[in-house]
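Chain by chain, the residues:
Protein chains: 2
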Amino acid sequence: MQPTHYTDAMRRKSFQEMHCSVAQFLEVGGEWWTMLIVRDAFFGVSRFDDFHDRLGISRNVLTQRLEHLIEHGILERAAYQDKPVRYDYRLTDKGRALWPVLNAMRQWGDEWAAPDGPPVIVTHTPCGHPTTAIHICSACREPLTPETLKATPGPGARDGLLTNLPPKATPTA
Amino acid sequence: MQPTHYTDAMRRKSFQEMHCSVAQFLEVGGEWWTMLIVRDAFFGVSRFDDFHDRLGISRNVLTQRLEHLIEHGILERAAYQDKPVRYDYRLTDKGRALWPVLNAMRQWGDEWAAPDGPPVIVTHTPCGHPTTAIHICSACREPLTPETLKATPGPGARDGLLTNLPPKATPTA
DNA sequence: CTTAGTTAGTTGCTTTATAGAACTTACTCG
DNA sequence: CGAGTAAGTTCTATAAAGCAACTAACTAAG
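So the protein lines, in turn, are chains A and B.
Quick note on the UniProt record's numbering: the first sequence kicks off at 1 and runs consecutively.
Quick note on the UniProt record's numbering: the second sequence kicks off at 1 and runs consecutively.
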């Protein structure tokens, strides 16, 4: 049978209304290319053509992504010359706060998807040693694993995320 | 002028050849919806219709994503009945290793994009307190921040990631 | 035995996003 | 003047996402 009729726009779904912080992050940084732009911003890259050359991203997509990141307060534009005006794209505090996310991605990739060994070694300059991040509990300072955690609804909770779970579920994230 | 001619397929670019662990992660978990499926898998969701109902994802896209996650060893299918055969989708060790990534996303969302407060409170059952993860150095156990880190090429390094950086760059990720 | 419900997809169609490359604007340098 | 640089914008073609209907293979109710 023929599909009936397509009234509404069929834009890509937004995660904004999900009342989940993971979804909130993905709304900002979950699109294709976005976190690679943020990675390069941490490396000190700040100009349009440098992002383009290093990533091999299409110029129109790069334009969109930079605008999206600025809209969400991850990057800010600062003119470095007039006539013609040209901008640096720099991480804000909100953007620099993405470091734990980026680092967790890197560490997972190093461990599970780096057959030739890690492409990058990170050294902790205060102690001088190569380092990986260990995640510890803010209360007791013991290492955290998903099995030792329990999720309960918080002040921003809405129906659906922790309710309507299958019976044997053990929410950890 | 007219664009010349479009021989090659214009599929979406892969990040696989970038020799960067962040890119490797994104190849596996960087598509729209993917990390929300993984989040629900941590919540204990395991069946097709449960993912579909909870996420509001299209059925065809869900099919694709589950296959992609299985291909990359994040989920595995286990039959829970015959006639007709029906499967549970469960996290593998490689999939459970994504917890730090998911948690970092959640904590960023809680801090920067949760106007009504965090939707989920996580309790560390051994100590009984609500917890957030603190990232410490594996060598000296001091807290890590991007400014205290330096990136250098590792065994899996290839040209381009840490080379060809603008002069004032301070690579941290 | 017929009908409704469940589970897990698949198919068909429409809208949106991405990949390339060319084009544009506004300069600077030799 | 002509070439080069920087940052986009515009154009076209393909790929991905969204939605609803359809199918397959059962189970349970009436």
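Among these hints, one or two may not hold up.
Under the rule of at most 20 Å between Cα atoms (straight-line distance), these lysine to any residue pairs were calculated in the SDA-like manner [unchecked claim]:
#1 A/Lys94 x A/Ser58
#2 B/Lys94 x A/Leu91
#3 A/Lys94 x A/Asp82
#4 A/Lys94 x B/Val61
#5 B/Lys13 x A/Gly117
#6 B/Lys150 x A/Glu67
#7 B/Lys150 x A/Gly117
#8 A/Lys94 x B/Ser58
#9 B/Lys150 x A/Ile121
#10 B/Lys150 x A/Glu76
#11 A/Lys94 x B/Trp112
#12 A/Lys94 x B/Glu147
#13 A/Lys13 x A/Leu91
#14 B/Lys150 x B/Cys127
#15 A/Lys13 x B/Ala157
#16 A/Lys94 x B/Ile134
#17 B/Lys150 x A/Ser58
#18 A/Lys94 x B/Ile70
#19 A/Lys13 x B/Lys94
#20 B/Lys94 x A/Asp116
#21 B/Lys150 x A/Gly128
#22 A/Lys94 x A/Gly128
#23 A/Lys94 x A/Ala78
#24 B/Lys94 x B/Glu111
#25 A/Lys94 x B/Lys94
#26 B/Lys150 x B/Thr132
#27 B/Lys13 x A/Glu76
#28 B/Lys13 x A/Cys127
#29 A/Lys13 x A/Ala78
#30 B/Lys150 x A/Ala78
#31 B/Lys150 x A/Thr123
#32 B/Lys94 x B/Pro115
#33 B/Lys13 x A/Ser58
#34 B/Lys94 x B/Asp82
So, partial list: chain B residues that the calculated Cβ filter (under 7 Å) puts toward chain A [to be verified]:
#35 Val22
#36 Val101
#37 Pro146
If you're looking for bench data, these hints aren't it; they were derived computationally from the structure.
No residue lacks a Cβ here, since even glycine has one placed at the ideal position from N, Cα and C.
Hint-by-hint comparison with the structure:
no. : hint                : result
1   : A/Lys94 x A/Ser58   : violated, 26 Å
2   : B/Lys94 x A/Leu91   : violated, 31 Å
3   : A/Lys94 x A/Asp82   : violated, 27 Å
4   : A/Lys94 x B/Val61   : violated, 31 Å
5   : B/Lys13 x A/Gly117  : violated, 23 Å
6   : B/Lys150 x A/Glu67  : violated, 29 Å
7   : B/Lys150 x A/Gly117 : holds, 18 Å
8   : A/Lys94 x B/Ser58   : violated, 32 Å
9   : B/Lys150 x A/Ile121 : holds, 8 Å
10  : B/Lys150 x A/Glu76  : violated, 24 Å
11  : A/Lys94 x B/Trp112  : holds, 7 Å
12  : A/Lys94 x B/Glu147  : holds, 15 Å
13  : A/Lys13 x A/Leu91   : violated, 27 Å
14  : B/Lys150 x B/Cys127 : violated, 34 Å
15  : A/Lys13 x B/Ala157  : violated, 37 Å
16  : A/Lys94 x B/Ile134  : holds, 17 Å
17  : B/Lys150 x A/Ser58  : violated, 29 Å
18  : A/Lys94 x B/Ile70   : violated, 34 Å
19  : A/Lys13 x B/Lys94   : violated, 28 Å
20  : B/Lys94 x A/Asp116  : holds, 18 Å
21  : B/Lys150 x A/Gly128 : holds, 10 Å
22  : A/Lys94 x A/Gly128  : violated, 28 Å
23  : A/Lys94 x A/Ala78   : holds, 16 Å
24  : B/Lys94 x B/Glu111  : violated, 27 Å
25  : A/Lys94 x B/Lys94   : violated, 29 Å
26  : B/Lys150 x B/Thr132 : violated, 25 Å
27  : B/Lys13 x A/Glu76   : violated, 27 Å
28  : B/Lys13 x A/Cys127  : violated, 39 Å
29  : A/Lys13 x A/Ala78   : violated, 32 Å
30  : B/Lys150 x A/Ala78  : violated, 25 Å
31  : B/Lys150 x A/Thr123 : holds, 5 Å
32  : B/Lys94 x B/Pro115  : violated, 33 Å
33  : B/Lys13 x A/Ser58   : holds, 10 Å
34  : B/Lys94 x B/Asp82   : violated, 27 Å
35  : Val22               : holds, 5 Å
36  : Val101              : holds, 4 Å
37  : Pro146              : holds, 5 Å
Hint compliance for this structure: hints 1, 2, 3, 4, 5, 6, 8, 10, 13, 14, 15, 17, 18, 19, 22, 24, 25, 26, 27, 28, 29, 30, 32 and 34 are broken, all remaining hints hold.
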